[in-house]
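Trainee: Just so you know, the sequences run in chain order B and S.
Residues 1269 to 1410 (the numbering used here) are what the first sequence spells out, left to right.
Residues -6 to 38 (the numbering used here) are what the second sequence spells out, left to right.
Just so you know, these hints were derived from the structure itself, not from any lab.
There may be inaccurate statements among the hints.
Stated by the list, open to error - Ranges of calculated distance between the beta carbons of each label pair, as one might list FRET restraints: (1) L1371(B) with T24(S): 55 to 61 angstroms; (2) R(-2)(S) with Q1380(B): 32 to 38 angstroms; (3) L1310(B) with I14(S): 49 to 55 angstroms; (4) R1289(B) with L30(S): 55 to 61 angstroms.
A quick note: this is a predicted structure, and the numbers were derived from the prediction, not measured.
Glycine included, each C-beta is placed from N, C-alpha and C at the ideal position.
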Amino acid sequence: MIIINSKNIFNTLRALREAQRALDSTPIVWARRQVGQYIVQLGTLGHLYNAVNEILEIVVAASNMADNLGIKEYSLVIEPSRAYITLEQLPEVVPPLPRSSPLEPLREPTAQINNFNCPDTTPDLVKFCIKGVEIAYYLGKR
Amino acid sequence: MKSLRKVRVSSLNLDKEVKDILLKVLGESETVYIEILSDRIRIIL
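Please work from the sequences and hints to get the whole structure.
Mentor: If you want it as structure tokens, here you go:
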């Protein structure tokens, strides 16, 4: 649950905008971070982006609604399945975010080439080696 | 430019086991190109 006081609405909006921009500009293929217990990488970032976007929309909608109703001081309560504004001055609740730390990037997959006993490879030749003899065949150029 | 020589399979001077297989597979009259490398002989079919 998140509770935001009306005084901090614009700060919250700005923070969410910045988070969105940071997610936008993260190179998602190699970025890997450990945040608390979770590893954030390709795939997770889309969910994070959606979550940030959803909260952003709720905050914008709530502040518009408060403006329309002429409410100056209020608390915005965001629960998992609903959100509402109340005139009560509730203490703010912002879930603490664990610090993130960089993780070793994923290694590129390695492939082993079968040289068929030869110590090297030669462009355009298919070959194998046996007892100091290399039997080779030219691959036609395509 | 590396030098390639055209040689008949029957006149190749190779390890007997390898040559026998080449003879069996290619036949005596077949010609191949050979190239002498520092550590081995390259036979190009």
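Trainee: Would you mind marking each hint as holding or not holding in the structure?
Mentor: Status of the hints after comparison with the structure:
1. L1371(B) with T24(S): 55 to 61 angstroms: Hint holds: Cβ distance 60 angstroms, inside 55 to 61 angstroms.
2. R(-2)(S) with Q1380(B): 32 to 38 angstroms: Taking Cβ atoms as reference, R(-2)(S) and Q1380(B) lie about 34 angstroms apart, which means the hint holds.
3. L1310(B) with I14(S): 49 to 55 angstroms: Once the Cβ atoms are compared, 51 angstroms apart, the range 49 to 55 angstroms for I14(S) and L1310(B) holds.
4. R1289(B) with L30(S): 55 to 61 angstroms: holds (59 angstroms)
Violated hints are absent here; each numbered hint is respected by the structure.
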